[in-house]
Amino acid sequence: MNRGVFVPMVLVLVFLNLFAKAQFKAGDYEVIAEDAAWCWFSDPRGVYHKGLNERIYYAYINSKGDVAISSRDLGSKEVKTFVLHKELQVDDHNVPSILFLPDGRLLTFYTEHNGRFFMRKSKNPEDITEWESERVIPFGGKRITYSHPVMLKEEGNRIYMFWRGSDWRPSFSFSDDLGDSWSPTEALIESKGTKNRPYLKVHSNGKDRIDFIFTDGHPAVEPTNSVYHFYYNEGIFYQTNGEQISARDGPAIQHEHVRKVYDGGKSTIRAWISDVALGKNGKPVIVYTRFPRDTDHRYHYARWNGERWLDEEICKGGGSMPVVKPGEKVREPHYSGGIALDHHDPSNVYLSRKVDRFFEVAHWKKKGKRWISTKITSGSGTDNIRPYVVFGFAGDPIVLWMTGTYNHYTQFDTDLRINQTISTRLDRAYN
Numbered sequence: 009m010n011r012g013v014f015v016p017m018v019l020v021l022v023f024l025n026l027f028a029k030a031q032f033k034a035g036d037y038e039v040i041a042e043d044a045a046w047c048w049f050s051d052p053r054g055v056y057h058k059g060l061n062e063r064i065y066y067a068y069i070n071s072k073g074d075v076a077i078s079s080r081d082l083g084s085k086e087v088k089t090f091v092l093h094k095e096l097q098v099d100d101h102n103v104p105s106i107l108f109l110p111d112g113r114l115l116t117f118y119t120e121h122n123g124r125f126f127m128r129k130s131k132n133p134e135d136i137t138e139w140e141s142e143r144v145i146p147f148g149g150k151r152i153t154y155s156h157p158v159m160l161k162e163e164g165n166r167i168y169m170f171w172r173g174s175d176w177r178p179s180f181s182f183s184d185d186l187g188d189s190w191s192p193t194e195a196l197i198e199s200k201g202t203k204n205r206p207y208l209k210v211h212s213n214g215k216d217r218i219d220f221i222f223t224d225g226h227p228a229v230e231p232t233n234s235v236y237h238f239y240y241n242e243g244i245f246y247q248t249n250g251e252q253i254s255a256r257d258g259p260a261i262q263h264e265h266v267r268k269v270y271d272g273g274k275s276t277i278r279a280w281i282s283d284v285a286l287g288k289n290g291k292p293v294i295v296y297t298r299f300p301r302d303t304d305h306r307y308h309y310a311r312w313n314g315e316r317w318l319d320e321e322i323c324k325g326g327g328s329m330p331v332v333k334p335g336e337k338v339r340e341p342h343y344s345g346g347i348a349l350d351h352h353d354p355s356n357v358y359l360s361r362k363v364d365r366f367f368e369v370a371h372w373k374k375k376g377k378r379w380i381s382t383k384i385t386s387g388s389g390t391d392n393i394r395p396y397v398v399f400g401f402a403g404d405p406i407v408l409w410m411t412g413t414y415n416h417y418t419q420f421d422t423d424l425r426i427n428q429t430i431s432t433r434l435d436r437a438y439n
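Numbered according to the numbering used here, the sequence shown terminates at residue 439, and the numbering increases by one at each position without gaps.
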């Protein structure tokens, strides 16, 4: 090879290698919402939609208690924001969920923390600047928390809504007129008592199936908190293996009637759920956290192979994520940095774990029997927590996360960032 050609080629290879290994701090990524926070139990809180426009839509709470939604155009990067409810509560439990109607209009749902249930409908397709009046939906009481809307195309675009009821039981209702009216409230899962709070996560293929994962209760209350899975199809609830549990119009499902993904009673280690999705083979995938100790959080990945759950630890997540002020005790020892699935391809996992002083976000890719990890943030001077993969996007995952200081679900100083760097060249080097 000619020496004059060889030297430039070497320099190019060295440059590309250094570029590929570029490390990005939180500040290298674009902020898409200032003063914004969310919890991980109301979904979808970030949605992709392509109609006349190609945008992402995402919802959050700010430190004044405003309930807000924003849109970001994927081409121009223009961001628009609308406050759905001013000064509702300073509480990240109240983050809205988002559902697109067939004509492109949006429905948003949000609650108070143990309070009322709200709904708003946009006046125009793909537009968050004008909304119909806020409605309070009387879903059986005034101590409701969380919202999980699902639309099933093969049931005539019936909308199912799931939430935590006033009696702590995960409950549901459905609408056959795009949210104008709702069926009577029904309990989905039975609660073991007034101090027991089963936690629920929901995923749907948008056609005919809804998957659920849930727990015995809160890990602070349940020392052997387990993880359960079942799914819904055509009016029937099923075990993971397809065995029938009960009809939709039957009584609330008992814990003992659902098989466990993870048995905290056998291991004596409590757990908490994070996300559920369907793999490309149509089988469920779950991520959750185990707590050998309150200061030792372990991220787990469980997938159904058609016969049993294959469960493995991904990595250690560190201890609890909230920043504890001097003289205060840890109020939420089971709040991890956060872990989420790419629902389009759940072999992609995004998680936040403590690295040195701060929590950093990373991408973990399941490749056969091994994991390949790529840092998204590194060497940051602040925490990067609660990553979320925008729902409905089939391209390279669009990941949002909180960055800043999080003390409690009622006290936070955080922004939302997106996995697009301020420099387009650096963005392409990462991707």
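Read the hints as simulated data drawn from the structure, not as lab findings.
Just so we're clear, the structure is a prediction, and the values are computed from it rather than from any experiment.
Where a beta carbon is used, it is the ideal one built from N, C-alpha and C, also for glycine.
Check each hint, because a few of them may be wrong.
Unchecked claim - Derived Cβ-Cβ restraints for the label pairs, each shown as a range:
no. : residue 1 : residue 2 : range
1   : D185      : I244      : 42 to 48 Å
2   : E264      : G149      : 46 to 52 Å
3   : D353      : K268      : 22 to 28 Å
4   : V144      : E320      : 42 to 48 Å
5   : V229      : N313      : 46 to 52 Å
6   : K324      : A255      : 40 to 46 Å
7   : D257      : D185      : 28 to 34 Å
8   : S71       : D257      : 30 to 36 Å
9   : E264      : K94       : 17 to 23 Å
Stated by the list, open to error - Computed list of lysine-lysine pairs in BS3-like fashion (alpha-carbon distance at most 27 Å, straight line):
no. : residue 1 : residue 2
10  : K288      : K58
11  : K33       : K94
12  : K268      : K377
13  : K150      : K85
Evaluation of the provided hints:
no.	hint	result
1	D185 with I244: 42 to 48 Å	24 Å, violated
2	E264 with G149: 46 to 52 Å	26 Å, violated
3	D353 with K268: 22 to 28 Å	26 Å, holds
4	V144 with E320: 42 to 48 Å	44 Å, holds
5	V229 with N313: 46 to 52 Å	32 Å, violated
6	K324 with A255: 40 to 46 Å	42 Å, holds
7	D257 with D185: 28 to 34 Å	19 Å, violated
8	S71 with D257: 30 to 36 Å	43 Å, violated
9	E264 with K94: 17 to 23 Å	45 Å, violated
10	K288 with K58	22 Å, holds
11	K33 with K94	32 Å, violated
12	K268 with K377	23 Å, holds
13	K150 with K85	39 Å, violated
In summary, the structure is inconsistent with hints 1, 2, 5, 7, 8, 9, 11, 13 from the numbered list given earlier, while agreeing with the others.
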